[in-house]
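Colleague: Chains as they are written, first to last, in my numbering: chain D, 2 to 338; chain A, 1073 to 1222.
I should point out that these hints are in silico values taken from the structure, not numbers from a laboratory. Hints are not guaranteed to be accurate.
To be verified - DSS-like mimics (lysine-lysine), calculated; alpha carbons at most 25 Å apart, straight line:
| hint | chain 1 | residue 1 | chain 2 | residue 2 |
| --- | --- | --- | --- | --- |
| 1 | A | Lys1208 | D | Lys337 |
| 2 | D | Lys337 | A | Lys1209 |
| 3 | D | Lys304 | A | Lys1201 |
| 4 | D | Lys304 | A | Lys1195 |
| 5 | D | Lys337 | A | Lys1195 |
Remember, it's a predicted structure, so these values are computed and weren't measured experimentally.
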Amino acid sequence: MNKKEIEEKNSSNSDSKLQLAFYWAASCGGCEIAVLDINEKILDVVALADILFWPVALDFKYKDVEAMDDNQIDVCFFNGAVRTSEQKHLAELLRKKSKTMVAFGSCAVTGGIPGLANLASREEIFHVAYLENPSTSNPQGILPKTEVEVKEGILTLPEFYDEVRSLNQVIDVDYYLPGCPPHPDLIMTAIGAIVENKLPPKGSVIGPLKSVCDECRFEKTEKKIDSIKRIYELETIEDKCLLEQGVICLGPATRGGCAAQCLDAFMPCTGCGGPAPNSIDQGASMMSALASILGLEGEEEMKEEEVEKLIEQIVDPVGTFYKYGLPTAIINRKAKE
Amino acid sequence: MTVTETKTELEEFEPNIIGFLCNWCSYAGADLAGTSRIQYPANIKIIKVMCSGRVNPMYVVNALQQGADGVLIGGCHPGDCHYQHGNLLARRRMVILKNLLESIGIDSRRVRMTWVSAAEGRKFADVIKEVTEEIKKIGPMKDIQRVNEW
């Protein structure tokens, strides 16, 4: 969108500016900063839009949201996974008050890094965080409760659920904007599409129908590796595909739109873009891709144990393949066997 | 249902096993077992794939999540793959998947890779017997869903 169009839009609709809201749930706050990564274009956004709710930047109370009319917010950008009853309440409340709900960033889209907590139960998490942690002094063994009675009355805390969920597992989501955080270009595409009312069908992921490899500048050839390395273990990093150099890179299984920026800095893709188009399980796709290139000479004669030895080089399978997407994977939590 | 009835039901747990068999060897092996009238447990539900290398780990995870107690992947013997090395790819995939399953709390013995050629009807029946016995020992796949729904 060029400046003229923005001005036109402004003059014609000066009294009906776009009403935006931002909210964060179980997230690190990086997505909030990403909104500002669009740099000076934020001024265009401000010219086009009113911000009704943005706890990280502006002082609003929950009761302000409760007082809004239904569908008063045009677009709500919701980042973070849902872990506590407070986050669930706000997600439901904002859904009621918003015409369009956008899951913003990996945590809201696929569960994100907080989603890896699904490998442990609430009890295990509390045990480590409040009792076992070496830097924690808790002689009375107090664990968080939702309610406690004190002299002055009853104090409450939101409930900490047993599992982390992505936003669409809690409320109806209209659009998805993946990334950790989403690339500024994608944010601008989304805002542009909203302003011009050229949004794709409901449920779309705002991003290209390509994998990260498609955007990566490195040359790719027929791959074959026999060992897996961490990036610091490479003596020299060559200017070619990192997978070919033995580094696990989730590029083949991850949706692009990020311009492969990490790869530009010689860091392997960790998969924040979520599953590639037409795939439902990013980790399974990556396991499949990695197995295709990780092999040894003369494997036909080998026993399963030797292959196991080769595969054991993948130290943390869940953290490697489902770093950002455990809650939305097919098996999305630790099973109790 | 009376208590005794529940007990017998538990004792005679019949596992639900999904078998992904390759078109050229294992499926033909299963066919031979059938035409030779070799008896084997009826716990296996066979899905024919063109090559064991076609089996995406996603199929296996999906089967386990949707109620299979075990998954068997059958391919040609190493070196005999109709597509040169699809069976080797399958083996690597399943080894990676087993590692993942272990770290996510699922017994990796539920997934098994085997080589059965088109001439090995007897071996096929033996493998099915073995797998069924093993899965019976491991027990039913626990519901992956957690207790406190919200």
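Colleague: Hints first: check each against the structure and report whether it holds.
Modeller: We went through each hint and held it up to the structure:
no.	hint	verdict
1	A:Lys1208 <-> D:Lys337	holds, 18 Å
2	D:Lys337 <-> A:Lys1209	holds, 17 Å
3	D:Lys304 <-> A:Lys1201	holds, 22 Å
4	D:Lys304 <-> A:Lys1195	holds, 19 Å
5	D:Lys337 <-> A:Lys1195	violated, 34 Å
Against the hints set out earlier in the document, a violation occurs for number 5 only.
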